[in-house]
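> Sequence:
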Amino acid sequence: MTLLEFHDVGLNIGERALLENINLSIRQGEFLSILGPNGAGKSSLMSLMSLTWKPTKGLLKIFGEDAQKFSVKQINQRRRRIGLVPQQVHFNWAVPLTVYEVVEMAQIGMDKAERFPKSEEKRLIESSLEQMGIQSLSRRPYRSLSGGERQKVQLARALAQQPEILILDEPTAGLDMDWQERLVQLITNLYRRYSLTVILATHITGHIPPCCSRIILLGSGRIIADGKPSEVLNVKYLSKLYNCPLEIYERNGRTHCIATGDFDE
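Sequential numbering from 71 applies to the sequence shown in my numbering.
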């Protein structure tokens with residue numbers, strides 16, 4: 071079953087083109103990684119996938135329906151089926167939200183008819199906290215947590231929606247190396263345990279887990295390559311993507327890149 075379809079999709083902000091001629095489809099159960107340097111358009115693409123923005127060109131179909139025709143109510147209904155962990159989460163730090171309250175925010179914006187019953191909502195929140203291993207933090211102020219702990223809370227918030235699609239925008243950004251590795255493993259476990267479609271954006275090849283079945287290389291708002299990891303993670307494509315000479319090596323099922331420094335002067 072195809073969940074997301076892009077047909078010649080473009081996204082402009084004023085005169086600036088953020089995305090151009092995007093053509094792709096994402097099927098249920100896929101683990102898709104979107105790889106590209108900073109400024110490539112990864113967050114813009116995920117904003118379309120999560121119904122945060124609508125395209126300015128082309129056709130975007132979500133769950134088989136034209137996203138351009140969605141009303142505000144329909145957008146909120148579809149968003150319930152999409153769990154988003156954005157790259158940056160903005161909170162008013164003057165408001166001392168607890169971890170539990172942040173996860174509870176998964177229900178905000180839903181129609182009363184769409185919300186889970188209170189008893190079910192409580193069960194889902196507690197279950198998602200347990201899945202992330204952060205039950206003991208539920209009454210802690212969110213602002214007191216480390217970066218890695220906050221990312222776990224955001225994953226719990228997304229899971230509390232019971233999504234069909236989990237979208238992760240640079241989930242390891244700004245984290246120490248140990249937390250980066252923990253999150254990669256956690257995402258792998260979630261994918262293997264639940265019937266989720268996972269879409270992961272990153273600029274680091276080593277953060278793409280072995281369970282990823284497909285990779286899109288995105289550069290300057292355009293798709294450079296789309297295929298299996300073995301087809302696209304090579305020196306030819308990656309040197310073009312990052313605009314620098316590099317070497318690659320494999321370890322534990324992951325592909326890692328090293329810039330060689332042999333730049334043309």
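If you are wondering where the hints come from, they were derived from the structure by calculation, not from laboratory data.
On a predicted model such as this, the values are computed, not experimentally measured, just so you know.
One thing to keep in mind: the hints can contain errors.
[Stated by the list, open to error] When the alpha-carbon atoms are kept at most 30 Å apart in a straight line, the in silico BS3-like pairs for lysine-lysine are as follows: (1) Lys139 / Lys124; (2) Lys188 / Lys127; (3) Lys127 / Lys139; (4) Lys124 / Lys143; (5) Lys192 / Lys127; (6) Lys127 / Lys298; (7) Lys143 / Lys127; (8) Lys310 / Lys127; (9) Lys124 / Lys306; (10) Lys143 / Lys131; (11) Lys298 / Lys310.
> Determine for every hint whether it applies to the structure shown.
Hint check:
1. Between Lys139 and Lys124 the alpha-carbon distance is near 10 Å, which keeps this suggested pair within the 30 Å criterion.
2. For the given pair, Lys188 sits about 40 Å from Lys127 by alpha-carbon distance, which is inconsistent with the 30 Å threshold.
3. With a C-alpha separation of about 13 Å, the suggested pair Lys127 and Lys139 falls inside the 30 Å cut-off, and the hint holds.
4. As the CA atoms of Lys124 and Lys143 are separated by approximately 15 Å, the hinted pair is consistent with the 30 Å bound.
5. Proximity of Lys192 to Lys127 is assessed by CA-CA distance (about 41 Å); at most 30 Å being required, the pair is judged violated.
6. The suggested pairing of Lys127 with Lys298 holds, with an alpha-carbon distance near 28 Å, which does not exceed 30 Å.
7. Restraint check for Lys143 and Lys127: satisfied, since their Cα atoms lie roughly 22 Å apart, inside the 30 Å limit.
8. At roughly 26 Å between alpha-carbon atoms, Lys310 and Lys127 fall within 30 Å of each other, so this suggested pair holds.
9. Our distance criterion of 30 Å between C-alpha atoms is broken by Lys124 and Lys306, whose separation comes to about 33 Å.
10. A threshold of 30 Å between alpha carbons decides the hint, and for Lys143 with Lys131 the separation of about 17 Å falls inside it, so the pair holds.
11. With a C-alpha separation of about 18 Å, the suggested pair Lys298 and Lys310 falls inside the 30 Å cut-off, and the hint holds.
Consistency note: the structure conflicts with the earlier hints numbered 2, 5, 9.
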